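Residue numbering for the sequence shown follows the numbering used here, starting at 836 and increasing by one per position.
Watch out, some of these pointers could steer you wrong.
As the list claims (entries may be wrong) - In the DSS-like style, the derived pairs of lysine-lysine whose C-alpha atoms are separated by at most 30 angstroms in a straight line are:
| hint | residue 1 | residue 2 |
| --- | --- | --- |
| 1 | Lys1023 | Lys1005 |
| 2 | Lys970 | Lys940 |
| 3 | Lys886 | Lys1026 |
| 4 | Lys970 | Lys926 |
| 5 | Lys926 | Lys940 |
| 6 | Lys1021 | Lys1005 |
| 7 | Lys998 | Lys1026 |
| 8 | Lys938 | Lys1005 |
| 9 | Lys867 | Lys998 |
| 10 | Lys938 | Lys970 |
| 11 | Lys970 | Lys1005 |
| 12 | Lys867 | Lys1026 |
| 13 | Lys926 | Lys912 |
As the list claims (entries may be wrong) - Computed Cβ-Cβ distance ranges for the label pairs, DEER-style:
| hint | residue 1 | residue 2 | range |
| --- | --- | --- | --- |
| 14 | Lys940 | His1015 | 26 to 34 angstroms |
| 15 | Glu986 | Asp945 | 34 to 42 angstroms |
| 16 | Gly959 | Phe1006 | 28 to 36 angstroms |
| 17 | Asp915 | Glu1016 | 32 to 40 angstroms |
| 18 | Asp915 | Gly959 | 20 to 28 angstroms |
Read the hints as simulated data drawn from the structure, not as lab findings. Since the model is a prediction, treat every value here as computed from it, not as a measurement. Even glycine gets a Cβ: it sits at the ideal position worked out from N, Cα and C.
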Amino acid sequence: MKLKSILAALIALFTVSGCNSQTVKNSNNMGKSIVIFFSHAGENYAVGNIKVGNTKIVADYISEFTGATQFEIVPEKNYDMPYSELIKVAKDETNKGELPSYKGKIDNIDQYDVIFIGGPIWWGTYPQVMFTFFKDYDLNGKTIVPFTTHEGSGLGSIVSDLKQAYPRAKFAQSFSIYGHEVRTGKEKVEKWIKGLQY
């Protein structure tokens, strides 16, 4: 009876291990990771007025697949406005190189090895409030994984901008997805995560 119990326990252990090996989280040798992102709810191009921003949805997929924690860059400034006004504000901030303030902080950034960084493309790059974050936190020596949501701009200049901000960081394969695709694009995110090499 004792031998049967041991065999049953071993079979159960291998069965559970086999299931876990199929998850994205365990298929990569990732260190502790965090998703740092800015996401804009409200009126967005191509998707209308949304309660959850496109980038937030992608960030949630990443956390689901990798177990990464999250830090959302929430600006002090209110960007809840019609899209036609928002693009003017975004253009003005970009042209002036503004660094809008944001809420909250990450207490110990050193504990994270892999940093996913995501946001929409506003005038060719990340929203300016993200550059405020880049100024506040030193991510050199980390593995940075850039991603964007967009409606035609792709990655814009985000990779070169991040490399300029963090010249001693390592960079993994970046990812971009159309904002109007994120709600049905979970498999695309999963494929990207599975293909990442650290």
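Hints, one by one, checked against the model:
no.	hint	result
1	Lys1023 - Lys1005	holds, 23 angstroms
2	Lys970 - Lys940	holds, 13 angstroms
3	Lys886 - Lys1026	holds, 26 angstroms
4	Lys970 - Lys926	holds, 20 angstroms
5	Lys926 - Lys940	holds, 26 angstroms
6	Lys1021 - Lys1005	holds, 26 angstroms
7	Lys998 - Lys1026	holds, 24 angstroms
8	Lys938 - Lys1005	holds, 27 angstroms
9	Lys867 - Lys998	holds, 21 angstroms
10	Lys938 - Lys970	holds, 15 angstroms
11	Lys970 - Lys1005	holds, 18 angstroms
12	Lys867 - Lys1026	holds, 20 angstroms
13	Lys926 - Lys912	holds, 15 angstroms
14	Lys940 - His1015: 26 to 34 angstroms	holds, 33 angstroms
15	Glu986 - Asp945: 34 to 42 angstroms	holds, 36 angstroms
16	Gly959 - Phe1006: 28 to 36 angstroms	violated, 19 angstroms
17	Asp915 - Glu1016: 32 to 40 angstroms	violated, 24 angstroms
18	Asp915 - Gly959: 20 to 28 angstroms	holds, 23 angstroms
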